[in-house]
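Enquirer: Dock chain B against chain A, hints included.
Protein chains: 2
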Amino acid sequence: MRISELGEFPLIDRVEQIVAVDRADVVVGIGDDVAVLADRDDELLLATVDSQVENVHFLRERITARQLGRRALAINLSDIAAMGGYAQYALVSLALPADTETAWVEDLYRGLREEADRYGVIVVGGNMARSPTGIFIDVCVLGRVRREHLLLRSGARPGDVVLVTGQLGDAAAGLQIVLRPDLSVAPDDRAFLLERHLTPTPRLPEAAVIAQSRLATAMIDISDGLSSDVGHICERSRAGVRIWADRLPISQATCHMAQVIGQSPWQLALQGGEDYELCFTAPREAAAQLASLVREETGTPVTIVGEILAADDGRWLVLEDGREVPLEAGGWEHF
Amino acid sequence: MRISELGEFPLIDRVEQIVAVDRADVVVGIGDDVAVLADRDDELLLATVDSQVENVHFLRERITARQLGRRALAINLSDIAAMGGYAQYALVSLALPADTETAWVEDLYRGLREEADRYGVIVVGGNMARSPTGIFIDVCVLGRVRREHLLLRSGARPGDVVLVTGQLGDAAAGLQIVLRPDLSVAPDDRAFLLERHLTPTPRLPEAAVIAQSRLATAMIDISDGLSSDVGHICERSRAGVRIWADRLPISQATCHMAQVIGQSPWQLALQGGEDYELCFTAPREAAAQLASLVREETGTPVTIVGEILAADDGRWLVLEDGREVPLEAGGWEHF
Chain A
362 MRISELGEFP
372 LIDRVEQIVA
382 VDRADVVVGI
392 GDDVAVLADR
402 DDELLLATVD
412 SQVENVHFLR
422 ERITARQLGR
432 RALAINLSDI
442 AAMGGYAQYA
452 LVSLALPADT
462 ETAWVEDLYR
472 GLREEADRYG
482 VIVVGGNMAR
492 SPTGIFIDVC
502 VLGRVRREHL
512 LLRSGARPGD
522 VVLVTGQLGD
532 AAAGLQIVLR
542 PDLSVAPDDR
552 AFLLERHLTP
562 TPRLPEAAVI
572 AQSRLATAMI
582 DISDGLSSDV
592 GHICERSRAG
602 VRIWADRLPI
612 SQATCHMAQV
622 IGQSPWQLAL
632 QGGEDYELCF
642 TAPREAAAQL
652 ASLVREETGT
662 PVTIVGEILA
672 ADDGRWLVLE
682 DGREVPLEAG
692 GWEHF
Chain B
362 MRISELGEFP
372 LIDRVEQIVA
382 VDRADVVVGI
392 GDDVAVLADR
402 DDELLLATVD
412 SQVENVHFLR
422 ERITARQLGR
432 RALAINLSDI
442 AAMGGYAQYA
452 LVSLALPADT
462 ETAWVEDLYR
472 GLREEADRYG
482 VIVVGGNMAR
492 SPTGIFIDVC
502 VLGRVRREHL
512 LLRSGARPGD
522 VVLVTGQLGD
532 AAAGLQIVLR
542 PDLSVAPDDR
552 AFLLERHLTP
562 TPRLPEAAVI
572 AQSRLATAMI
582 DISDGLSSDV
592 GHICERSRAG
602 VRIWADRLPI
612 SQATCHMAQV
622 IGQSPWQLAL
632 QGGEDYELCF
642 TAPREAAAQL
652 ASLVREETGT
662 PVTIVGEILA
672 ADDGRWLVLE
682 DGREVPLEAG
692 GWEHF
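Protein sequence lines, in the order shown, are assigned to chains A and B.
Just add 361 to the spot in the first sequence (first one is 1) and you have this note's numbering.
Just add 361 to the spot in the second sequence (first one is 1) and you have this note's numbering.
It is possible that part of the hints are untrue.
[Unchecked claim] Pair by pair, the computed Cβ-Cβ distance ranges are:
no., chain 1, residue 1, chain 2, residue 2, range
1, A, Arg401, B, Ala381, 18 to 28 Å
2, A, Gly368, B, Arg656, 47 to 57 Å
3, A, Arg656, B, Arg423, 55 to 65 Å
Read the hints as simulated data drawn from the structure, not as lab findings.
All C-beta atoms in this analysis are idealised placements derived from N, C-alpha and C, irrespective of residue type, glycine included.
Here chain A stands alone, though its shape is the one from the complex (with noise of 0.2 Å):
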């Protein structure tokens, strides 16, 4: 069978079962975008990596060097900044075609070294290959997170509710502007959409912030689409989700672009990926606390947007005329 037919995450089931190994000191192990490992008493050490393909997650024409190294390197920060970690190293290996340009390199590492900057992450390393064609970026970033302050994608209980930072569907409207530049698009909401979606913003900041609060029960970031990362929730905390449609965070932007292509805002909050937002849940008395408080601490708002049902009880988004629909993964599936 190929990977193709079987899938992406049935695949990385099968991978788990053969080199997971039970050991004391593997807090996290594979099947998890973080690996989390107890190598001292007051801190655990976080490990994470991922990559930028060449017309898979990017086009080389409508994206710049510097922004790409940015988005590299930014999308590594938002799975330690899910944790409720912080980060320290990063690493890059790269596959680059014998032609590639010398400038178009550095342009790269100027972006890494800009977005490295922001959060005091330091590139210590890294390797170059050449690709036979297209370019290959995996970036590895390493983080420390206090053992009392790890968050876990397995502590939602029913009861909870899901909170997001920020807006949803905006890095998928920007999208969309990329694979069609012709479209019909306002220049700001161009601009902004478009920054979105190629330059996404880490929630390192916010992260930390519901971190040290001790008021939430679990964390994912927003990377394969909200629909897909709380089914990531449900799964590992054995538990159902409902989602209102009509509480989703969008952007005046997103919903002319939605207009534009013929699909409802909440599709492309909920389905589009790419938005490095974080999700996750709280009990309901504490949330209003905690949203407020990641707001005075970064600027960033947060809202409420589901509550945390029983694993029996399903998984559901409630639309905007009220019908409750079976809430559908449907985000990126990489194969």
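Expert: For chain B alone, kept in the frame of chain A given last:
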């Protein structure tokens, strides 16, 4: 300018200038194969990444997935060994064409697991992405080294001798068989050389003995070829070197292969890469003791193959007839 015109090492120099940061916790940063990070007092954190690219580092029809899994991990373990450290965790990032067979991916992970188990390493995470064409494997390995055991490239001093573990040239001879399976080679030689090329043995136990002896002054693993890798020691140590061709440890099988392809054995030993043996330096008076220590503890032979000179005295190869010629790097160049 294209990267193929500039060359790999000048490109790495440029990148280093863009991202290098002087911070106390970065003992060795970008520019080395391994980052050395002072994140706690007694032991340093080691992080390295290396890739295997289809049609650059391997041909899919000439290596099994299981062998490739072993190889992809082994080459990273070799880097950790070269610092005098031990390996703990691996992260595996794959980019795979959608039509890749599931069984192939599972076998790759079986190979990774097999190699990991040999050295007490756990595969704790990674990533999977789609590749438009060709397989890309990036493995990141994390390890540790006690401060007093850390061996860098920069510690060699004039008067030191140059030592190597095992035998050199086997991997290059094996590569000849991979590229030209019709070459006339005895079955035993063929099996031996192919294994040395396809599934190199990371010298972790040997490195541990060398590091713990505290007799060695510098170390590197031989991935690009002895001439190139001893050159890295010279650069970082600001030293010269003299290598004696007739002292290079070369297997019978590689001598036979050299004859078949009309090269001298020492060319394979010196310029063929991918042996993943250790090259290290030690004061002349300690060398014999160190060599026999490694032999006794691990069974692996160690040979004195050269001596470190002052930088001004240059880098030389003494041929079998006594003539001295400049030591050309001439090993693996990526672009």
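Enquirer: Against each hint, give a clear statement of whether it holds in the structure.
Expert: Status of each hint after checking the structure:
Look at Arg401(A) against Ala381(B): about 27 Å separates their beta carbons, and that is inside 18 to 28 Å. Restraint check, Gly368(A) to Arg656(B): a C-beta distance of roughly 51 Å satisfies the suggested window 47 to 57 Å. At about 58 Å, the beta-carbon gap between Arg656(A) and Arg423(B) stays in the expected band of 55 to 65 Å.
Of the numbered hints given earlier, the model fails none.
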